[in-house]
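Using the hints provided, position chains D, U, Y, E and X relative to the given structure of chain H.
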Amino acid sequence: MPPFLFWFFALMTLGFGAGVIINRSPIGSALSLVLSFIGLSTLFLSLNAYFISVIQVLVYAGAVMVLFLFIIMLLDLRAEERRKINVVAFAGGAAVALALFVQVYRIIGALGAARQAFPPLRSGNTDDVRRVGLLLFANYNLPFQIVGVLVLVATIGVIVLSKRELR
Amino acid sequence: MDYFLIGTSLAKIAGLLAVVLGIMNYSVYAERRISALIQDRLGPNRVGPAGLLQPIADAFKFLLKEDFTPGHVNKFYYWLAPCLAMIPAIATLAVVPFGSTLFGVPMVIADINVGVLYVFAIASLGVYGIVLAGWSSNSKYPFLGGIRSSSQMISYELSLGLAVIPIFLVAGQLRLTSIVRFQIEHGWMIAPFIGDWTNIGKWLLAVPMLVSFLVFTIAIFAETNRLPFDLPEAETELVGGYHTEYGSMKFGLFFLGEYIAMITGSAIIVTLFLGGWHLPLPSWHGGFHWAVVNGSAPGWRGIIGGIFNIACFFAKVAALLFIFIWVRWSLPRFRYDQLMRLGWVFFFEIALVNIFVVAVIVAYISK
Amino acid sequence: MLLFIVFVPIAVALLILAGAPARASAVAASGAVLLATLLAFAGFDGGHAGYQLVTSRLVSADWGIHLAFGIDGLSLIMLLLTSLVTFAAVWFTPSIPEHENAFYACLLLMAGGALGAFASIDLFFFYAFHELALIPTFLLIGIWGTGNRQTAAWKITIYLATGSFILLIGLLLLYRSLPEAARSFDFRLLQKTAGQIPAGMQHHIYLLLLIGFGILISLFPFHTWAPQAYASAPAPAAMLHAGVLKKFGLYGLLRIAIPLLPEGARYWTGLLLVLLLGNIIYVGLVTIAQKRLDWMLGYSSVMHMGYIFLGIAAGNIVGANGAALLMLAHGLSIAVLFAVAGEIRGRTGTLVFSDLGGLAKVMPFAGLVFGLATFAAIGLPGFANFSAEVMVFFGAFHVGADLQHFHAFQVTTVLALWGVVISAVYMLRAYRTIFMGSASEASASATDIGTNLRPPIFLLVGAMLWVGFFPQSLVGRMQGSWRTSFPGK
Amino acid sequence: MAVTVRRPKLNWSERLYLPAIAGGMAITMRHFKNMLLGRTKVTMQYPEERWDAHMPEYYRGAPALVKDASGRERCVACQLCEFICPPRAIRITAGELPSTDRFAKVEKYPYEFDIDMLRCIYCGMCEEVCPEQAIFLRKDYAITGFTRKEMVHDKEKLLEIGGVMHGLVLKWNEKK
Amino acid sequence: MQAAVLEISALVLGIFLLLCEAFAGALDKRRLAYGGIFGLGLILLASFFVTAGPLQPDAVGFWSFYAADPLALFFKRFALATTMLVLIMMLESAPRIQSGLGEFFALPIFTCAGLMWMASAIDFVMIFVSLELVTMSFYVLVAYTRRNPVTLEAGVKYLILSALSTGFLVYGITWVFGVTGETSLARVAAAFSQPNLERAPALFGAVLILVGLGFKIAAVPFQIWVADVYQGAPTAVTAYLSVGSKAAGFVVLLRVLSAFFILPQVQRLLVAVAIATLIYGNLAALPQTNLKRLLGYSSIAHAGYLLVGVVSFSGAAVGFYLVSYLLMTLLSFTVLIVVANSAGGEEISDFDGLSKRSPFLALAMMISMLSLAGVPFTAGFFGKFMVFDAAIQQHQTALVVVAVVTVACGFYYYLKVIRAMYWESPARAAPIAFSQLSRVTMTGLMIAIITLGVYPQPILRALSDASHPVTAQR
Amino acid sequence: MVTLGDYLLVSGLLFTIGFAGVMLRRNIIIIFMSLELMLNAANLSLVAFSRFRVQPDGLPNYHAQVFVFFIITVAAAEVAVGLAIIVALYRARRTTHVEDIATLKF
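Residue numbers (the numbering used here), protein chains in the order written: chain H, 1 to 167; chain D, 1 to 367; chain U, 1 to 489; chain Y, 1 to 176; chain E, 1 to 474; chain X, 1 to 106.
No lab work stands behind these hints, which were simulated from the structure alone. Just so you know, these numbers come straight off a predicted model, no measurement behind them. Treat the hints with caution; some may be incorrect.
Said to hold, decoys possible - Taking lysine-lysine pairs in the DSS-like style, the calculated list, with each CA pair at most 30 Å apart, reads:
1. Y:K108 with Y:K139
2. D:K65 with Y:K149
3. E:K416 with U:K155
4. Y:K108 with Y:K157
5. D:K75 with D:K65
6. Y:K171 with Y:K105
7. H:K163 with D:K75
8. D:K61 with Y:K149
9. Y:K9 with Y:K67
10. U:K192 with U:K291
11. U:K155 with E:K356
12. Y:K155 with Y:K171
13. Y:K139 with Y:K157
14. H:K163 with E:K29
15. Y:K108 with Y:K149
16. Y:K139 with Y:K149
17. D:K140 with D:K61
18. E:K356 with E:K416
Okay, chain H solo, but in the shape it has when bound (with noise of 0.2 Å):
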């Protein structure tokens, strides 16, 4: 990918997940992260990595967001109306966090391979949907199976907590 579709794509991906904590609109935020992902995936398309993408774009965007979409209309959430900001509270959060971007910026920068270009492929056309099967399903076996149990206590979990309560 040229540099410069990466840096749009870059771009969109943290703008829209700016987008995500600066939008009062609860769908705005949504939204947003709808856009940031669908520019995730694009990203991950840039690396060659398209089994992520598609499935970053068919769970997140497809199924995960569309949930968030539903709970915010279902519970009716409009743009919040301005609080009063605990300032200490807000400016502690915000130092927290730009501490951890300093601290993050700072090891990218040591880190030495940081700097390298990714090392060519052997073809731009990987197989990569077959690979990563083949290491899911033979090599990675025991934690796929702990993620279906996962799943599976996820299910039962929503449906305990929001079926209708017997009276």
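Relative to chain H, chains D, U, Y, E and X alone:
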């Protein structure tokens, strides 16, 4: 930069869009016409010969109507929603192979190796338009319609996804062109025994594949909000559903988006189950066998073959569209709870069990 | 035998909790323990250097922890003290309005803990048994105490828990600073290998032990919990704690800190001297200022600890003998004092000096006994305390004595002697205000201690007199143990 | 009063619903096929095909003024129809016949005669009340126009629709 | 028999219970709990016939994720026992559950499987996945009584903070992967010991992972969720959370640290965290009046002691401490449930005069409180003893000092409960009813606490095998 | 030329944005979305590392992508459960605002 690639891609996009938009327009016409015929009427037959110019008249009607925005809506999202409803349906077409080759150029816009997943990914974005439309209208019927629609789409996406898995199991591919090629070599998915007539396993396989096909098709019905699953716009309960507050071209976008989604859905069914652009015909070289007529032949025969393949594809799509319409005018609408129960308790399980059946057959019997 | 002594109280306590008749079982149990102890006493071979009556059960092979009991002269004396005071305390228990069973169970648990601690020759159980005794103390004060009992209970618990854990750290450090092969919780092995601990480490460990034990003993300046706790505690509990449990720390110093860590002991002698003077002089003066008998007794008990420290600090056989004897003597006398004080409170409803007076007329027996105990506490000849204090002072005075100039020990000893005067002042003043003079309103209606309560007092006073006249019967039995503890001297 | 409808107990093949669905589809298909093959009768294609031939005698279409065999406007502007008209669709301005006229003895003629077809309800009262047999409801229907003005039939229009009627009583003719 | 059989049987048991719940409509749901307890008991029994094996760091596939070493086995048994006891407690609190009783009994069994997997996890992917399985089921369990706003608040807080910690964990794993190219702990450790390792990013990743784990074990400063969640969640779940989840967190921490301790800064960091945890947990517990909340803070404090053990590389100390913690915490929570059922509240004042209403409960509570405080002849004492010993061995003077001071603090607040039970007069005189099963359980726990305080050898022996691979790293 | 560092920077920024959202926003749903941002930042890093660490056979290190797959799956399940809890909370309290959720206090 590969200018040839870009050029041909643009050409393909333009061509496909033109064809699809044409089909879309005429599917509206066909819908009206066929519904009329089924109901012992004649349908639109005024504008142009046999009413064939009716779509154009419709388009003008949409465009020329007053573009009214109600005062109580959430303006930004109200405008955004119709656009969002249209885009995913069109974007899905990018990976669908609508022909073999023409002039040596493969007739698919983006031949990516995660084709099917891409289809689902993009299709799953279709909910946003509807949900936002319902929400931003700030009015109770649209809202209920939007909520119903999104939950319906999410629910049936599951069956949709599960119903495709047998295909992966059989073909071992996610790339749509590869799936088509597999079908050409090993028989269509809906009839896997073709070409291997003596294999009992393949005959056995046909049963779950048929089930898979049915579930998939029904799920597509639900995804596109077609009757008998058109709960989101059940007029008797919800007036117009999520587009109650919409008029003129904004409504038109929803309306056309629905038809494009239908076309896309049909195209995918065709690609996955019905052999794509392939049609078994007597070979160019004489003798009857399941040979391929395609664009790879040299000279003018290749060109004709390629065009024939494209025609084949769209013919199949058209046939499916007919079925869509036919079903719509035959079956009554479900009740909402029935719809959801059907999706979760019936199709979901069928698709799930089906996967295992296919897996067993593929692994042990049809070797 | 030792298993019997240790576990009978605990077992009977559990039985009582489970519903056995409280008083009868308790008295029987403590009596049996007393008898057994006397038997052990009689059968004890004073010349023998090691531990006698040793029993050992392996508890944890990985850690080398054994449930091991055994006695030498020192522990014998402590056992004797414990069983005497326990018997007296149990007998002396007034009728308890509520939870009688629990009260007796707690008493017995305390006694069992103390007995276990004194009889253990395993570091771990030595510590653990003492801790076991702490909780009943807390309950006894908290549930059945008087006055500001909750604060007192809190204070004692927090202090003692902190002290115990500092102690625990000290002991662990001790265990860990031994070379890997020599690590053991067994006293007998420890005594052999303790010399291998480097001097620097000894300093650390000794300080920890000193502070830990010091808190338990109410060493100045960690003493503030004691008077309040004794003032609030019911008489039997105060008897047991002041008489017995508190001695655990001293016993620990004598048993562990001094013999195993001679370097550390030497290093911190100066500090210890200063602190013990604080106990004797400062606390003594504070004692004079008290307005209530129970508080006064509490402070006096703190003050007397100073003498015992002095004997221990001396680090020679005479001093140690004196310290051990003084532990016994003080335990007996303070038990009597608390017992009588408890009776006075029970009969007059007050222990404030200004409300009391002329009790000798209505409570002649109490007056007599209290007088004897007062004399003992001051350290008049003929009582156990006298012989013990004499040995302490001599032992201390001897340390580093040359006739050119006074060493710190000599100064300390001289100053400590003033303590005797101080104690005479407050004890006698207390006796005068309570028993002499005209009868106050509160004391007019009081009755004397009944005959049914007199036997334990006779027992304690008798023991005091006996030790006062025949200290050698005890000292002789300790010589064997000193041979291992102070091999050089 | 609520009536409880007993739901039929379905057996498993019925519960599958597939046969029923297929049956339904077949029915619609049959209709579709019949339609395509032209076997189904369809509704009349109105503007092109009309039903005029089948109109009954008593059909009440647009009201119209008639002339008699001698070409005389029958209306004498008596204004009875204007008076009786329930929706007040008729407006008549009377004029005096010049003495030179052959029927001068009639005295009046309608100078203007407007029927507002937007108001007319085709009740036929005017026809009934007319003493001169001048106004008739004809078989014209589908009266349309682009403007309101067009929808007001003036005298010329009315006479044009009415045409000439024969066999009327000709009381104003000179007796022979 | 392979160790993996244990998880699978737990899973089958859970699914079986779910199916019973779904298809045996008329079934008394309590039967499910009994079934669960019985089944887990069988699995626990089976765990003694499982062959333990050494770690196989070079394996691919299954064995590169799954360790069946003695440590893992020990914690598997631990998880099984905890879950059984929690199920018993759940039975006691069943009347408060408005709906979904069957699921309420089935979920812990899945959680148990997750805990067992966690005990065996030797790969970051596996750690992540099994940790999330446990967390996920706790999300549900914590918010289970959803009529109760307090519970829901607890659920939301747990949710947000736990998800946050997951974020940190994942980001940390990312960095570790980025530096080493591996997710397997053994291979990460090997890569960390390479001289050309890029220190800063590796350390950054390690710290982020520790932050994530710190949330799970409630170490300061990641403890903010604990008190609220413990107070708000159904009591049985609180008990489960404080024992099961924490134990699993610690076993993961032990395994992870065996790789990370190659970086010296990590240990210093952990010491600081342990000190902060000790101080915060104990000080914050002092003013509490709600017993559940108090136990919450006390669990932070105990996390501090456990961290002391971790910092001192003593798997045995941590293991023994966890066992004693299991016994006493579950005992106290069982009593709490019973009392709360009758008093309707969990304030300490609801325990006033418990000794008069039910001497048995008062005794049980007293024993557990004493054990929590660390009084000798209880398991709690021996745990502290071993932890301190380990710390002294490592010359962690500061840690020891802080730990001792905080222990004294602990006495104050634990004895507060005893004071309420024995000194105060009861508001009601009615005796408290509870099931026979609970009585048996409590008796068993009491006996176990005392026995382990006097005779800890069985656990120690089990641990001496188990702690081997951890300490072997040093 | 786009380097690994660029991707890591984007990922780090995204992580920070998410973290800032968690710290600064007071609406639980938004906080929850921010958490998703954090997870996705990790995903981006992982995929970048996966692409960077090309294996000897000339393919990316797919182990990282498998991990990303797990993260996505888990996150989706987490969202489902989380939203169920949030909805239940909203039903009980009519709020999704953190400051309104303070029945439990120190």
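Right, here's what the structure says about each hint:
| no. | hint | result |
| --- | --- | --- |
| 1 | Y:K108 with Y:K139 | holds (28 Å) |
| 2 | D:K65 with Y:K149 | holds (27 Å) |
| 3 | E:K416 with U:K155 | holds (12 Å) |
| 4 | Y:K108 with Y:K157 | holds (20 Å) |
| 5 | D:K75 with D:K65 | holds (19 Å) |
| 6 | Y:K171 with Y:K105 | holds (12 Å) |
| 7 | H:K163 with D:K75 | violated (35 Å) |
| 8 | D:K61 with Y:K149 | holds (28 Å) |
| 9 | Y:K9 with Y:K67 | violated (74 Å) |
| 10 | U:K192 with U:K291 | violated (50 Å) |
| 11 | U:K155 with E:K356 | holds (25 Å) |
| 12 | Y:K155 with Y:K171 | holds (22 Å) |
| 13 | Y:K139 with Y:K157 | holds (15 Å) |
| 14 | H:K163 with E:K29 | holds (18 Å) |
| 15 | Y:K108 with Y:K149 | holds (26 Å) |
| 16 | Y:K139 with Y:K149 | holds (22 Å) |
| 17 | D:K140 with D:K61 | holds (27 Å) |
| 18 | E:K356 with E:K416 | holds (17 Å) |
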